[in-house]
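Protein chains: 2
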Amino acid sequence: MLGGYAGKILDVDLETGELKDKMPDEEILRRYIGGKGLGLKLIYDEFRDDMQPFDPDNLLVFSTGPATGARVPTSGRFHVLTSKSPLTGAVGSGNSGGKWGPYLKFAGYDAIVIRGISEKPVYLTIIDGKAELVEAPEIWGMTVPAVTEELLNRAGTDPKKTSIACIGPAGENLSLISCIMNDEYRAAGRTGSGAVMGSKKLKAIVVSGNQRQKSANPEMLAEKVAESMSLIRENPVTGPKGGLHVYGTAVLVNIVNAHGAYSSRNFQQSYFPEADEQSGEKLAESYLTGTTGCWGCPIVCGRKSFVPDGPFSVKYTEGPEYETIFALGSNCGVKELDAVIKANHFCNEFGIDTISMGGTIACAMELVEKGKIPEEKLLGFNLRFGDPGAMVECVWRAAYKAGFGADLALGSRKLAEKYQAPEYAINVKGMELPAYDPRPIQGIGLEYATSNRGGDHVYGYTIPSELLGIPEKRDPYSTEGKPEWTIFMQDLGSVINSSVICLFTSFALGLPQYAGMLQAITGMELDPEKLLKIGERITNLERHMNNRYGFNRVQDALPKRLTAEPTPAGPSRGQVSHVPEMIDKYYELRGWIDGVPTEEKLKELGIA
Amino acid sequence: MLGGYAGKILDVDLETGELKDKMPDEEILRRYIGGKGLGLKLIYDEFRDDMQPFDPDNLLVFSTGPATGARVPTSGRFHVLTSKSPLTGAVGSGNSGGKWGPYLKFAGYDAIVIRGISEKPVYLTIIDGKAELVEAPEIWGMTVPAVTEELLNRAGTDPKKTSIACIGPAGENLSLISCIMNDEYRAAGRTGSGAVMGSKKLKAIVVSGNQRQKSANPEMLAEKVAESMSLIRENPVTGPKGGLHVYGTAVLVNIVNAHGAYSSRNFQQSYFPEADEQSGEKLAESYLTGTTGCWGCPIVCGRKSFVPDGPFSVKYTEGPEYETIFALGSNCGVKELDAVIKANHFCNEFGIDTISMGGTIACAMELVEKGKIPEEKLLGFNLRFGDPGAMVECVWRAAYKAGFGADLALGSRKLAEKYQAPEYAINVKGMELPAYDPRPIQGIGLEYATSNRGGDHVYGYTIPSELLGIPEKRDPYSTEGKPEWTIFMQDLGSVINSSVICLFTSFALGLPQYAGMLQAITGMELDPEKLLKIGERITNLERHMNNRYGFNRVQDALPKRLTAEPTPAGPSRGQVSHVPEMIDKYYELRGWIDGVPTEEKLKELGIA
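Line by line, the protein sequences are chains A and B.
Going by the working numbering, the first sequence opens with residue 6, and the numbers climb by one from there.
Going by the working numbering, the second sequence opens with residue 6, and the numbers climb by one from there.
The hints are simulated quantities; they were obtained by calculation from the structure and are not laboratory data.
Honestly, I wouldn't trust all of these hints.
List time: in silico BS3-like cross-link candidates among lysine-lysine, alpha-carbon distance up to 25 Å [claimed, not checked]:
#	chain 1	residue 1	chain 2	residue 2
1	A	Lys-478	A	Lys-590
2	B	Lys-382	A	Lys-320
3	A	Lys-340	B	Lys-382
4	A	Lys-309	B	Lys-382
Simulated restraints on C-beta separations [stated by the list, open to error]:
#	chain 1	residue 1	chain 2	residue 2	range
5	A	Arg-76	B	Gln-425	45 to 51 Å
6	A	Lys-125	B	Pro-379	48 to 54 Å
7	A	Gly-376	B	Met-6	51 to 57 Å
8	B	Gly-134	A	Glu-570	39 to 45 Å
9	A	Arg-53	B	Asp-133	49 to 55 Å
10	A	Glu-140	B	Glu-32	37 to 43 Å
11	B	Gln-425	A	Asp-18	40 to 46 Å
12	A	Arg-558	B	Lys-166	24 to 30 Å
13	A	Gly-376	B	Lys-166	27 to 33 Å
14	A	Glu-140	B	Lys-608	32 to 38 Å
15	A	Glu-570	B	Ser-291	39 to 45 Å
16	B	Asp-30	A	Lys-125	52 to 58 Å
17	B	Pro-379	A	Ile-122	56 to 62 Å
We put the CB at the ideal spot given by N, CA and C, even for glycine.
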């Protein structure tokens, strides 16, 4: 048996109510590690080309990796996958921190596979190795904090050793931009997984237990962890005086804006003159009450915050993250950080992905601005760029499909299609774009275009290199070497999300450290090359499934605005994304033809 | 056949889907007129002492009267009744304007009796005499304006001759303070009828038709109408230069505050220093876009309004009424009229009674102020007197039972009971009190205490006499003659709500005018005395049913705050309500013992 794993996968059939333990195949773990890789393989084993998002056999998989809950830095994460995302139509995928991942392992399981649709609302508890489904129509409709409090009370276990993952009203109401929340403020945010969980009538999963996993080589692990901890502590980004700890991810607002890559007003601009008013510095100055970190994390980038007064008052909350400030702030033309904090709080409370929410609001605002949405469809709602109240109102309206909120719950692509103006949905594969304008940062544009889950930045995070010079500087304006770097970061991302470790360690660590720690935990013979090959396998397996859904070169593209409309102002004025010029090189390096891995490539990677 | 009636009652069984026409008994019409009286009799015929609000046989009755849709002033109204109110436990009752009432009659029916619970969401259409139930799960969840627009489109009839009554999300979610809306902005607001309609899974009733009813004596009617029209036009309140038309009902804000009867902060005060900022004058100055009236109304007290900017922006809406400004404004300590307009808009959009909503928010704010609600129950929500943002947030939270909103959806009495502090719920029989502090206005306090539907002001509206000297001045501080006057106004109110005519005509008209117009329409021999006897019969029938539910003297009481805590400041400083000293005289005059009509009284009125 490999070290670091709990050794069991829980199989839940919500239609029959049957719960089964499966033993994970050691060969699969060697080839896919855990987390995202393991989840993809579990989904692939039951794959169906004509799957629909709300079909009973659309699997919902929660998975941890050997590093989850192990004594390594940032071991508090887990991965969520769905066979088919209701937002993108591709495989659905998200990653989250907090403590739910390690607590699932301490409860005795590496992963949970959920199938079927329950007739009545249920929740799942896994306590000390014992899993149980509980019928609970009375908790349906509860917000994330309310159901978290309720189920913590019901569990009767030590609340410090218990964790809840759940959906909010947005997931129940099948909003396509809903997410799965855990520990109240943590989110597996993207691709609408909340709606899949909602369609299954599964409200929450409670985990608690004391089963710690043994590592294969404790001495080696101690040594490798010590090395990694030193690197993290000494690093200017991840260390105790680093930007992430001092200002949270919001430290990026001023940095990215100074580069002219902090998009505004639905990517009509790539620069936001009022960025300083919503920066990490401003957050620390006016709204911060403390910091918070995920389980086992030495970086501690989480923010505790509040808004003491005014129309956006909130007594206590967590966040907002950099991405959220962009999405709900700048991208909506909203400068007021208090409104962003309030809207972020609502996203957490109701279970909505903040990036997709902001991108959808921005899209709606532009559709109104351009006269594409007739006034009577807004039913009195005054929706305009730069209006903080309207932005905040959009969030709860989307969660409850209240009036125009029913349109917002569709996400930007379906919203813009409804009003015959798809060009205003700034998305890739239906998923709203993150907080780096791809026009002045060529590598991240290629990641947006090619990422398997749609408009994503963290599954191939080129930003440290392109903007911060970590581990080495790559000119953001240049396309030179970007296909290579994007591919490397994507496959590294697959490794990180399968381990599961936090992406932010990659500011300080590299493949040698990841390989060393994983080898010490599991006992697998690993080196950087072998590990990266696993990453490539994982990336290709996900791509392969998407191909079978019908995805190919056509979907590997940015919205026209980003390749045809030069940035109009700011430090990066006059730039467009050159994805169309990089994509063939990218495919060639990947061993893909028109976005589809060749049979040789699949064979080489051992994908059937 | 009597004139003025359509001559048919529609009986709808939602369980079986069966629709039947019933002919109204002429003797019943002679004894109960129509509207409230007719509805009460229909409910009484199937009365059950142990009825529960969400039982299938809790009848929901919509009823018009002979004046509805007739060529008399203010003939645009109808009445709604439920056998048992989920808010009060008494008979549920509300009255509304707009055009739905006359359009129901033009569609061929005097009333609709709805029984049973539909398995799936449905709506009812009555078009040109043909009634149909339509299964429509897809409209469940829609807001009031959204479903109104949708069903107007589906009807395919002339939208100017079509009208929709419906519930919003609050009614669907069984909020105890939900109402039934019609014509988007009109409400049969009180006693939680929206929840009864919601429990039956009936989303809306569409009415359209061209069947005008004939009056018994058209010449006499023309003469009587001309007389009433002159009186209305010449009256300083109802005329074209009168306060109601020029400033809407909000004209009362400054008048009532000047008397020290404009309660504030959950009736902790009876005076609001900032009242001028939310007055009818302020509304006209800053937020008004036009006026609007119900069908057949020469007074036109309705307001069209907007909030152009700021966090409470709304592009177009109607209202707010005086009661709403008090309830959501002053009573919550909120001075900002823009926030009140926004909250009023949400109440209309989601189908919530504004008076009960404001009273419940005020109660919650005081429970927080007094430390009765533990902070963790608020889940980060910053709920405080005087906070306009928090007040507005309460409304949509209550509609969707979002977080703490689930508590707000209970109404003030059940909310305060949940937190073991019932003394902070300022209600009578579970219904929140309206906008006249009863401490410096003795008559209205007696109406609040004795009204059959709970804390009500319009079923026995003593205010014109006590505050405005119409038809003659009665000293508001004095108890002298108040039992007599309250009884008279209650029985007159029963007549008005059964005719159905607008209460506001009573500023200008009296029993001779009502009797004359009703006689001309119906052909019944009527005079003031006979008509008032009918009113007494109606008041007593409702009282009798409530007695059978267990109501008696105990429930005919004001909250202790109003009888024991003298008004602390303002023009009326030092006053308490003297209801306990007036109640025995009231009962004696009524022919009741401890709140229960004697057998003699019931016999005298012909109530079995």
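Going through the hints against the structure:
Under the criterion of a C-alpha separation no larger than 25 Å, the hint pairing A:Lys-478 with A:Lys-590 is consistent with the structure, at around 21 Å. With a CA separation close to 12 Å, the supplied pair B:Lys-382 and A:Lys-320 stays within the 25 Å bound. For a cut-off of 25 Å, the pair hint linking A:Lys-340 to B:Lys-382 is broken: about 31 Å separates their Cα positions. A distance of roughly 19 Å separates the Cα atoms of A:Lys-309 and B:Lys-382; the hinted pair therefore holds under the 25 Å criterion.
A beta carbon spacing of about 47 Å between A:Arg-76 and B:Gln-425 agrees with the range 45 to 51 Å that was offered as a hint. Range check, A:Lys-125 to B:Pro-379: about 31 Å between beta-carbon atoms, so the 48 to 54 Å window is missed. At about 55 Å, the beta-carbon gap between A:Gly-376 and B:Met-6 stays in the expected band of 51 to 57 Å. Checking the proposed 39 to 45 Å range against B:Gly-134 and A:Glu-570 shows it is violated: the Cβ atoms sit about 59 Å from each other.
About 51 Å separates the C-beta atoms of A:Arg-53 and B:Asp-133, a value consistent with the hinted range of 49 to 55 Å. Taken as a hint, the range 37 to 43 Å is violated for the pair A:Glu-140 and B:Glu-32, whose Cβ atoms sit roughly 53 Å apart. Evaluation of the 40 to 46 Å hint for B:Gln-425 and A:Asp-18 yields a pass: the beta carbon distance comes to about 44 Å. The supplied range of 24 to 30 Å is broken by A:Arg-558 and B:Lys-166, whose beta-carbon atoms lie about 56 Å from each other.
For A:Gly-376 and B:Lys-166, the Cβ-Cβ distance of about 31 Å falls inside the hinted range of 27 to 33 Å, so the restraint holds. Against the hinted window of 32 to 38 Å, the Cβ-Cβ separation of A:Glu-140 and B:Lys-608 comes to about 54 Å, which falls outside the hint. Restraint check, A:Glu-570 to B:Ser-291: a C-beta distance of roughly 40 Å satisfies the suggested window 39 to 45 Å. At roughly 46 Å, the beta-carbon separation of B:Asp-30 and A:Lys-125 lies outside the given 52 to 58 Å, and the hint is violated.
Between B:Pro-379 and A:Ile-122 the C-beta distance comes to about 37 Å, which lies outside the given range of 56 to 62 Å.
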